Structure formats: structure tokens, C-alpha cells
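Peer 1: So the protein lines, in turn, are chains P and V. The first sequence lines up with residues 7 to 404 when you count with my numbering. The second sequence lines up with residues 1079 to 1596 when you count with my numbering.
These aren't lab readings, by the way, just hints derived from the structure by calculation. None of these values were measured; they are calculated from a predicted model. Keep in mind that the hints are not guaranteed to be accurate.
Only some residues are given here: those of chain V computed to face chain P with a beta carbon under 10 Å [what the hints assert, rightly or not]: (1) Glu1135; (2) Ser1255; (3) Gly1315; (4) His1370.
Backbone N, C-alpha and C define an ideal beta-carbon position, used for all residues, glycine too.
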Amino acid sequence: MSKKLNVKIKAIGLLDLLAFKKLVPNRKKKFEEAPATEIRKTPPMNELAAKLHPKHQKFTITDVVELTSSMKQFELSSDTAAYFRAGQYVSVKLDINGHKVTRPYSIMSSPKAALSGKYMLGVKKADDGFVTEYIFDNWKEGTVIETSGPEGNFYYEDIRDAKTIIGIAGGCGITPFFSMAQAIRDGIEDFNLCLLYGCKTLNDIALRKELDVIAQTDSRVKVVYVLSDEKKEGYEHGFITADVIKKYAGDEPYSIFMCGPQVMYDFISKEIAKLGLEKKYVRRELYGQINNVEKYEGFPKDKVGKKYKLTIHMGQNTTITEALSTESILVAVERAKIKAPSLCRTGECGCCRSRLIAGDVFIVEDTDGRRMADKKFGYVHICSSFPLSDLEIEIPVE
Amino acid sequence: MGEYIFNREYDVIVIGAGNGGLTAGAICAKNGLRTLILEQHNLPGGVATSFVRGRFEFEPSLHEISDFGPVDNAGAVRNLLENTLELGVEWMRVPEAYRLIIPNEKGGRLDVCMPFGVDAYIDKIESEDPGCRPYVEKFIALCKEVVDAFAYMAASKGNVDKKYMQANFGNFLRTASYSLQSIFDAIKVPYKSQKIISAYWCYLGLDVNKLNFPTYAAMFYKYLSKGAYIPRYRSHGFTVALDKKIRDFGGTIEYKTKVVNILVENNQVIGVKTEYGEYIKTSNIIANTNAHNVYGKLVNKADVPEMAVKSCNSRDIGPSVLVAYLGLNKSAFELGIHEYSYFIYSKPTTKEIYKGFCSFEDPVGQATVCLNNAIPDCSPPGTSILYLTTLYHGDMWKDVTEQDYVTTKNKFAKAMIKEFEKVVGVSVTPYIEEIEVASPVTLARYTDAYNGSIYGYEITNWDSVIPRLLMIKDEEFIKGLKFSGGFAFRCHGYASSLLSGETAALLTVKDIKAAKQQ
Chain P
7 MSKKLNVKIK AIGLLDLLAF KKLVPNRKKK FEEAPATEIR KTPPMNELAA KLHPKHQKFT
67 ITDVVELTSS MKQFELSSDT AAYFRAGQYV SVKLDINGHK VTRPYSIMSS PKAALSGKYM
127 LGVKKADDGF VTEYIFDNWK EGTVIETSGP EGNFYYEDIR DAKTIIGIAG GCGITPFFSM
187 AQAIRDGIED FNLCLLYGCK TLNDIALRKE LDVIAQTDSR VKVVYVLSDE KKEGYEHGFI
247 TADVIKKYAG DEPYSIFMCG PQVMYDFISK EIAKLGLEKK YVRRELYGQI NNVEKYEGFP
307 KDKVGKKYKL TIHMGQNTTI TEALSTESIL VAVERAKIKA PSLCRTGECG CCRSRLIAGD
367 VFIVEDTDGR RMADKKFGYV HICSSFPLSD LEIEIPVE
Chain V
1079 MGEYIFNREY DVIVIGAGNG GLTAGAICAK NGLRTLILEQ HNLPGGVATS FVRGRFEFEP
1139 SLHEISDFGP VDNAGAVRNL LENTLELGVE WMRVPEAYRL IIPNEKGGRL DVCMPFGVDA
1199 YIDKIESEDP GCRPYVEKFI ALCKEVVDAF AYMAASKGNV DKKYMQANFG NFLRTASYSL
1259 QSIFDAIKVP YKSQKIISAY WCYLGLDVNK LNFPTYAAMF YKYLSKGAYI PRYRSHGFTV
1319 ALDKKIRDFG GTIEYKTKVV NILVENNQVI GVKTEYGEYI KTSNIIANTN AHNVYGKLVN
1379 KADVPEMAVK SCNSRDIGPS VLVAYLGLNK SAFELGIHEY SYFIYSKPTT KEIYKGFCSF
1439 EDPVGQATVC LNNAIPDCSP PGTSILYLTT LYHGDMWKDV TEQDYVTTKN KFAKAMIKEF
1499 EKVVGVSVTP YIEEIEVASP VTLARYTDAY NGSIYGYEIT NWDSVIPRLL MIKDEEFIKG
1559 LKFSGGFAFR CHGYASSLLS GETAALLTVK DIKAAKQQ
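Please take these sequences and the hints and turn them into a complete structure.
Peer 2: Structure representation (C-alpha cells):
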């Protein structure tokens, strides 16, 4: 201020100074006069948060159905199952011969079923899948399993998305869309879902009957099967191209949602580029961990097949183990039979955020979901970081 | 002590790595105390963090830090973070104080953009409300005296010389137990000027009739005289720097480690128990969580002094928030969003808006920030980040079920976005590329905040920062158990929480020194 004001405030009440002196005794009196009733331990918001976002859920498998020759549907039952948004996943926590591993699987059932304690998961047997093989061999009626709470952001959001969603599904990628179709049918979601479901042959289509029934009874759901290896009347033949999308999308604005294997994304991305859509209208579910990092641009060729020393600090413990350049740090930790935090396994959710004390890693740009300051301060998401040297890392306890 | 087996011992254990926990831990470690910070989440900062959606990294909670100032006019927070702790973080200056819009004000729409700087602020308010100058100058001079008085009180560390206070801070003493509205009335600040000056009230979460004057005055004057700052890389940018500093000073931080029990013997802290069943020995705890959690859950019932329970029951927990975070695929300029900070009050009085915070109706007040107007490259070229915040008391959401949770929060978010578009005269909805809506439940989920509260206890006249500071020493109901953060003695907000950690740490250092001398 340019000039110093000499303010003298007139008394507001007669006893202002006394009021000041009384501030402390007055506050003490307020305390003394309050009831000594018990403090509520869990107020309503913490209670609702615990219901919607449990850290762990336990289920018993109550039904197993073979959907195709390589895909099974498991019914999970419990007294309570956290409510979720159609399209979300749970991370399944497994103990395979002492190796504590996780896998994210989309919940394929309607959110409505969660209210009666049920989830359905669809698992496709991978060619060299150590985990899916274990699941196929061991998950039977009566098996007790543990999962995370519902996670992920692959769901319809009316403020953001077009009213019509073109769902592009490949193989096991049908599961989140099956949940969405049921959510529409059950009155939980309200949008148009036009599903383009790519399979090799007619026999590879999972849930055909169920999808057709929903499409017949609810005009908002439409299903188009696209067979790549087989020509059949009434089915699209070939791959899901820009032309196929245009043919079924209609004239109204639409958003594209994709869920399928990495190879599908590589192909479809080029096709979608031809449609000239804004980025906000194209969303894709994460495709799980990278199993062929050496094929990504920028991965140093001379590091393929290299083995490094990995020093892990967790809580009060330090463990030294080996890590392969072509396997994520998370996989190396799981191989060493150490339980580490993980959910999405694609670098996005940040659950496995760890402090890299020494060493270099390779991260595929697409899977680098780190915060800017974390990059600066040397933090990594171990599920999407690959060792390029000996490493020393601090991982939070799980 | 026989019943617990302790494998390790620390001079001090800080529970919670929120703003007040991090500064407490840093100051303790810097002073050579064996320091352990235990945090239930996997990140530092509590609400002072960030999150990524698509190509956007969002700021969850911070609008602007007060009491910061530029290098050559450093406030207490800059002094703590950059001079005492030498974080070396990049800070960005917020361009203007705020744009305030009250569409249905008496006599028509009020729409002003106020600058920082005491002189500039007074000139602007005079042009908006001619003739107000002498009254506003008087009001601001009074605010300055309040700031000086607080500075004296803080420096005296609980040993206030009453005669000195009377001689130098008479006005402060006279106004200490009054509300903001009483002071407006007493010095006859014109109506329109009152509305403009009180724009920041929602940062403290209580309407002007109940909000303690000196608490508001201190914040208001610090914003005017020192401007406001934000970290370049969201709040995570400085909380992760604090984490590193604590380690550099020899302190330890353990994430994903929740304290489930504070152990007490003969009314003295003796240690903690973690969720993993580990017992850790200490005689000093700084709880960076609220007293409701500590006395209602963490300390065994038999060990909680009755007055501690009563103190909790005497106070009201402040509001929680609903925030809509938008990643937009147009630049702020293209959208016509030219200010950093918007206060939009859709009801004319703060009392009515506060009533809205205590209801389950569509939002009637919002504080909205366009981050790009302070950090132009905070999002990719041709995009922008906008976040709209309103307040709700957690209890107002008590009947929300799991099934209608998402529709509820989205309904309120949409209403807030629509109001912003209407009042500011811009369109944002078609450009939403990413959206996330945080609610009281989100706060409870990530920070374990009591009923999702983002604020501390309400800052009424009887429980304002003044009696809280004067009673620091009386409030250690259990020996060795101190508090930091928004629920503690400096009241809430980033600046207060950060500074409260420093004070709690210095008091702990002093106690430990005294104990060693005995």
C-alpha cells in the first residue's frame, strides 16, 4: 500500500478485549460441555468407499462353462461382490507353486449380478500361458479365489462419449462388451452398442446365443460377427476395416471402444485413422502385459537375452535375484516368489509404482503411465519396465 | 511394556504422509531425529498428488498456495519448502487473484476480475464500487495487522506477551473473536465491496456470518500481498520432492503401511502397530490425520482421555468436495477461458451457498480452475485442463447406495459444468476428451479422510486458529501425541497444513531435547 494507514478500530462490542482473553477458557468450556459419547468409527462415506472399493474380495467358484474350445466362463460367488461399472476388471490373485502372480480379467456379467454376490469371468487359454494353463487345470467348482476390487476406466461415460458406441472385440475381448450389453438390457446403462466381434471361425464365437438374445430384445444392442478365416452367409468376412465400421455405424456420431489382443490394435488403429475421428472418440482397453518387448521400437537389440542382477528392497527385507531384459521387473519379482503390488499390468494404474535406486530400464511409450514428477525422480511402474542393467529397486510392501 | 515385541525404535513416528505429515517428517529428520513416516496409500501427499488419464495429468485438489510469495518477498511456505528444506521445485505464479461471478446479485450480475497486489486490488475495487476506497483501505490495514499479530504469535511459540500484544495489536485483539461479517459491518465496508472481498470464503468452507475474521483476514492479505503459486508438475511435483528430502535427511518412509493401533501406557505414547502386525517403538507420534480417527479408532478405548473424546464431539467436521476434472481437446484460448481461477456463486448470499453445501441438491457454488492459464504447457498443445469444485458435507451423501453412486456424482458434475458454461458464456462439454469425477467417497477411498472431509474442523469463532494456537500445549491429551495437517492448530488449507507440520516437528524436537536433559 502506498500510504501507511493508522487504523484504530472502534470497539465492536463493549467487551472485545475480554472476549479475546476468554477465547481459551471459552474453548475449554466448549470441550467440557460436549458429550463423551463414543466417536463413530466408520462414517457413511468411508463405509460406502469400503463397499465400492474393497482391496480384496474372496469368492468361491460355483460354475464352470466351456464357451469355446479355448475359452471358459467361471462363475464367482460370495456374500458380497463390489458393484462396478460395466467394462471394469478385477485383478485375480493367484499362488502358483509359491509364485504370487496376478492377472486382470474383465467382469463379463451384468453389474446387477454383483448385487447378489456374483461375477462372471471369461478366461481364454493362451498358447504359452503359464497362468491360464493353471486356471484351466485348477479352477473347479468349489475352488476359493481372491481378487481385487473393480478397477479400470474402460466404461461408457455419457458426459464424454457419443451416444453410440462401436464396440470392437477380438477373441476374449468380448467380455467387457458382454457386460455392457447386459447392463443396457438391465436398465443400468443407456447407450447404443453396436458390437463388431472379430473371430477366426464360427466355432470361435463365444456367447453367440446370449448376445443374439439381447440384440433381439433390446433395440439399442446390435451384434455383427466378422469372421477372418471362414466365409459364411450372414456374417462379415475378413478383418474389421474402416469400411466395415462405416457400414454399421450409421450417420449419428459414434465413439469407438476396442478390446482385444495387441495384434488387433495394431491393425485396427491404422483403419481407424482413416475415419478421421477426434482422439476423444477412440478408446481402448489395456491389453495386459507385454510379452515381446524386444519387438518394440527403441528396445536395444544387444540387450535381448541378457540377464541382470536385481536387488529388491521391500519393507525391512532385501532380496537379490535375476531378471531377464525381456521380462518386466514385476515378472522377475514374481519369479523370485515375492509378493508385489500389481493390478493392470500395463503401466497405467500406478499400483506397482516403485523407486528405482540404481540402473536403467526400458519402457514402451504407450505403456508409460507415470506422473511427470515420477519420471524426474526415478520412479517406475514395475509392470511396464524392463531391465537394461543391474537394478536396485524399492517396492512397497503388499 | 512387556506385552509387545518391538523390533525397531524411532524417535518419532509420523502417521500419514499428507502435506502436514511430510513437512513434519522432513523437519524432524533434518533435526537429526530418527524419523519414520507410515502412509497407508502408495503415494506421498494425501490429496496433494496427481493422477493421469489419457494424455492429461490432473491436479486433484490444489487451487493455489497462499503465504508463498516470490523469491524476493518470500512467505512462510516458500521459506519452509525452498529455504529451510531446499526442495528446488519449480513454482508457477498464478496470474490473477480471481474472477468472481454472482449472476443473481442484488442490483444485477456481479462479474469482476481482481488482481493481486494491494494497491492494484484497491484501485480495481474502487472502479467497481466507487467510493469504497477508504473503507476497503481500512479493512485491508486491519488484515495486515492480523498477519503481523499471527507472525508474532507464531514466533513466540506459545509464550505470548499479552502486554506487547495489547500495545501493538490492539485491533487484532478487538476483532479476534468476531466473524468476517461483523467486521464488514463494524467498519462499514459497502455491500458490493463486501461481496468482492469475501470471494475466497469457500476456501475455508464456512459462510461469512460464522467464519472467523482473523483467519480469513490472514489468508486474504497474504494472497493480496504475496500473490499465489502452484507447483509446475501438479502437487505430486513437490510432495515427491519432500519424500526425497526426507530420505536425504536420513528419514524413512514406508508406503502401503497403515497404522491400526497407537499404543499408550500410563497416558504416554509407547509405539504403534501396523496392519501387518508389526509393533514399532516410539515415544513421539505426529498424527497427520484427524482427531476423530485417532481417538475413535487408533487409540484403544481404555487409553483415550475423556476430554479428548469430548473435544472431538464439540467440533464439526468441515465439508468434503465434488470435483469434475476435465481434459479438453481445445486450448483455453480457443474455448474463451481466459482466467485461472473462477468463483461462481449461484445464490446471492454465502449463507444460502453454505446451506447448499449442507444439502443434497445441485451445486450452488463452485471454484473452477483452468490450469493452462498458469501453466500454459500443462497439457499437450491444443488441449486444456479445467477442474470444477464444489463442497458437500459427507453426511449429506449418507443415503447414496452403490447402485446410484455414479449417477449421483455425474448428475452433480453435469450441473456444475452446465452452470459454468452458462455463467461464463463458453462451451466445454463437446470438447471433453477425459473426465473423472471425485466425490466424498473418492476422498475417503484414497486418503482415509474422516467422512471424506477435505477440510479440518470448522473454523468458527470459538475454534478459530487463535485459540487453537494459544492452546497448543494444552492439547496433548496423551503425552507424546501431537497433530499436524488440516485438522490441527493452524486450521486447513495447503499453507496451514504444511506449516503445521513444521510447528509440530519443532515442538517434538524440543520435547525430545528436554527429555534427554532430564
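Peer 1: Compare the structure with each hint and give your call.
Peer 2: Comparing the hints with the structure gives:
1. Glu1135: Because about 6 Å separates V:Glu1135 from the closest Cβ in chain P, which is inside the 10 Å limit, the hint holds.
2. Ser1255: 4 Å, holds
3. Gly1315: Since chain P brings a Cβ to about 4 Å from V:Gly1315, closer than 10 Å, the hint holds.
4. His1370: 5 Å, holds
In summary, the structure agrees with every hint in the numbered list given earlier.
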